[in-house]
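Q: Produce the entire structure from the sequences given, and follow the hints as far as they go.
2 protein chains.
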Amino acid sequence: MALSNIFVHHVYFWLANPGSGEDRAALVAGLKKLSEIGTIREFHIGQPADTSRDVIETSYSLSWLLLFDTAGDQASYQVDPIHLQFVKECSPLWSKVLVYDSVDI
Amino acid sequence: MALSNIFVHHVYFWLANPGSGEDRAALVAGLKKLSEIGTIREFHIGQPADTSRDVIETSYSLSWLLLFDTAGDQASYQVDPIHLQFVKECSPLWSKVLVYDSVDI
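As given, the protein sequences belong to chains A and B, one line each in that order. The first sequence: position 98 = 108 (my numbering), numbered continuously. The second sequence: position 51 = 61 (my numbering), numbered continuously.
Hints are computed from structural coordinates only; laboratory data are not their basis. Quantities reported herein were computed from a predicted structural model and do not represent experimental measurements. Just so it is clear, CB atoms sit at the ideal spot from N, CA and C, and this is done for glycine as well. Among the hints, a few may not be true.
Distance ranges between label pairs, derived from CB positions [to be verified]:
1) B/E32 x A/P28: 19 to 27 Å
2) A/D90 x B/G29: 32 to 40 Å
3) B/L108 x A/N27: 38 to 46 Å
4) A/G48 x B/G82: 18 to 26 Å
5) B/I115 x A/E99: 17 to 25 Å
A: Below, the structure written as structure tokens:
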């Protein structure tokens, strides 16, 4: 089924201490809190699958996939107090974050 | 709403000739054909949104987001004749492809 009229916000996190189960759990807990933001239509907290080919990026720690109805909803999510608090509390946990925002063609 | 029990296959394509509308249309047409593969639960053909921050990757040409029910469904998609034909026909169109496969934590 085609997804359309959506704003896809896909974030990949690399933990500063990838071996720390405690840090990972803290980031997951932060993402779960983040998921309460009302403009989020659907979300998925993921980790790398066990697939492996040259073109597959498997070095990240956690994937955070969000679907919004509109670009405006995503913009409002960025400045939501819950999101600002998440960044403040959780940003020390990661060494790198990469975001891909996509809209319908 | 939480998405769970899914396999997220997110592919980003960089066109070899990003300025060619013809090449872009050919890749989109290829993706539309690909979307007919029966194991795909949901798909989205996207392009970079007009968001802009340091952490946002905006240089890719097209985003191809697929949700599968299982890792097995994704594996079967990889070897589906429609997919093999797509790679054969369309791979000359891109200079780089990057894949992130994610499963539930």
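Q: Can you let me know if the beta-carbon spacing of A/D90 and B/G29 is within 32 to 40 Å?
A: holds (37 Å)
Q: Honestly, do B/L108 and A/N27 meet the 38 to 46 Å range at C-beta?
A: The hint (38 to 46 Å, Cβ to Cβ) is violated, given that B/L108 and A/N27 are roughly 25 Å apart.
Q: Using the beta carbons of B/I115 and A/E99, state whether their distance is inside 17 to 25 Å or not.
A: holds (19 Å)
Q: Within 18 to 26 Å or not, the Cβ separation of A/G48 and B/G82?
A: With a Cβ separation near 35 Å, A/G48 and B/G82 fall outside 18 to 26 Å, so the hint is violated.
Q: A range of 19 to 27 Å was offered for this pair. Does it hold for the Cβ distance of B/E32 and A/P28?
A: For B/E32 and A/P28 the Cβ distance comes to about 43 Å; the hint is violated.
In this structure, the earlier hints numbered 1, 3 and 4 are contradicted, and the remaining ones agree with it.
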